[in-house]
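S.K.: Construct the complete structure from the given sequences, taking the supplied hints into account.
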Amino acid sequence: MTRVTRVAVATRVRPALTVGRAGARLLALVTGAAAVFWLAAVPVALAGQSSNDNEALDAAVERFWASATDAEFAAASSGIFALDPDIESVWPRLRAGRTYRDDVPTGRQLLARANRDGVEHPYIVRVPDSYDPAVRYPLVVYLHGGVSRPKRDDGSWWRREERLARDDAIVVAPLSWAESLWWEGSQVENLIGVVHDLKRTYNIDENRVHMIGVSDGATGGYYQAMTATTPWAGFILLIGHPVVLANPASEVDADLHVTNLRNKPLFVVNGGRDRLYPAATVIPFMRLFQDAGVFLDFRARPEAGHNTDWWDDEAEAMTAFMAEQTRRSLPPRVSWETGSTDRFNRAHWLVIDELGGVDGEPELDPYNTILDPNQGMQLGINMIGELQDGTGLRVLEVGEDSIASAGGMVDNDTIVAVDGQFNPSVDDLKEALIGFAPGQRIPLVIERSGERLDVALVYPADAAPQGRQAFPRRNPAGRVELDQRGNRVNVYTRGVRRFTLLLSPEQFDFTQPIMVSVNGVTAFDGMVEPDVEALLRWAAIDQDRTAMFGAELPIDVPPAP
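Residue numbers (our numbering): 1 to 561.
No lab work stands behind these hints, which were simulated from the structure alone. For clarity, every value in this text was computed on a predicted model and none was experimentally measured. Accuracy of the hints is not assured; some may be wrong.
Stated by the list, open to error - Pair ranges (Cβ atoms, derived): (1) 369 / 414: 36 to 42 Å; (2) 159 / 414: 41 to 47 Å; (3) 291 / 450: 46 to 52 Å.
The C-beta atom is built at its ideal place from N, Cα and C for all residues, glycine as well.
M.R.: Below, the structure is given as structure tokens:
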């Protein structure tokens, strides 16, 4: 299982830096495109270091980035501490990242990695033959379908690889099987582990790591987005269905929270004639996601079944989505909900540490109710069959008090046209009903006793759709909403007593006070001390050059006055 852990590093006590203006000066380090501001005691550590000290620190940081396990990161961190460096010395060296080699394997490779429990997870990676270590490459992580099968070690799970193979990106296809499904914590650990493994060898652009899932892989993509958002730039989810995650038989590993999807964009495609996951049954979830504030590009393919035969038609849009939707490594707004503080309790620079209600906390809409229009009022076309000559649909039974009966239909009517299309099939009728909602009208031509009549299926505008729970809840949960503007953070919480903010000097000005307001009450207002230990701990966890944290700020949620 992946959880927020603290890498065991040597702990030391160091004197507090001067935070007053007397005896202190502003030190600005420029790392990449970002200026990093610390309040450093005089004299500045960088200026006072010898060349031997610099060489030793360079070597220690190089060992840090060469680490692959928790134990190796802990040992490397201890080596850095032994040199007693200031954070101003460590930061730019860590920010520079690894030194990448040009004599690394390229092309198609079948590899494997083991989770902490020892279970080995194979994966296939395709690296462009023209790989250049000086270039940061996008990474596309492909989740396949059909996960209920036994484990395979031969690489056969990735079909039609040529669709995703690119000269300008690295593509990886991990394996899921019956004992390690995409919607289990083992795969959260595995997918992040695969990304980290590739980062150690190849120059991956941390802000262009996208997930593409097909069928069960798309369903798993919803799960990953709701449990482990931090490393991902966006999710392309094809012919999957969130309802699988709501089914107790799926044995989903964790309660899921729709508002967690706010953090990353979704690109979703479903087929109107998909007999497993028809678009009409996916649309209520898409409406819920949009109501919850999720960035969503949903595309229904009316003629498509449970396949991706339309791939070439959507390829340009998918490529554009990945090009446009780069990750904000330090997003100013974060929304996260969890039912656990042992795992799945972190999003970017927020960690939820303790759950429980606090007096005066606001009501935050859980956005966990599906409003399914088709459940609000019965359509009433209960039994139907296609005529052998293909000229229409015979309605064997019309339900009482239904949309069909209100439109004037009776048993044994024959539908000869649907929305202007004559000689309709059952699939044509299904297509017309996609998204059928209150206030909408579908014209029909029926034949009764040799006479043709114009009727319509009219969904009453005032019909109240029935609500149902989107995802089951087994445990109490807590949510935190962050909004950062400069050095001020406005926070709203429900069911959370304590959380930690991970502060980056590329997001906050450490030379000025930081103010945190929680539910309208000031919870912190003061200076924050840079911390080398926090910097190394989170660098080891994330292995991300673009999101490093110079301090941890724990916040206790205050009750309303």
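S.K.: Hint by hint, note whether the structure agrees.
M.R.: Results for each hint:
In this structure the hint that residue 369 and residue 414 lie 36 to 42 Å apart at CB holds, the actual value being about 38 Å. Distance hint check for residue 159 and residue 414: the Cβ-Cβ separation is about 42 Å, which falls inside the suggested range of 41 to 47 Å. Here the CB-CB span from residue 291 to residue 450 is close to 48 Å, well matched to the stated 46 to 52 Å.
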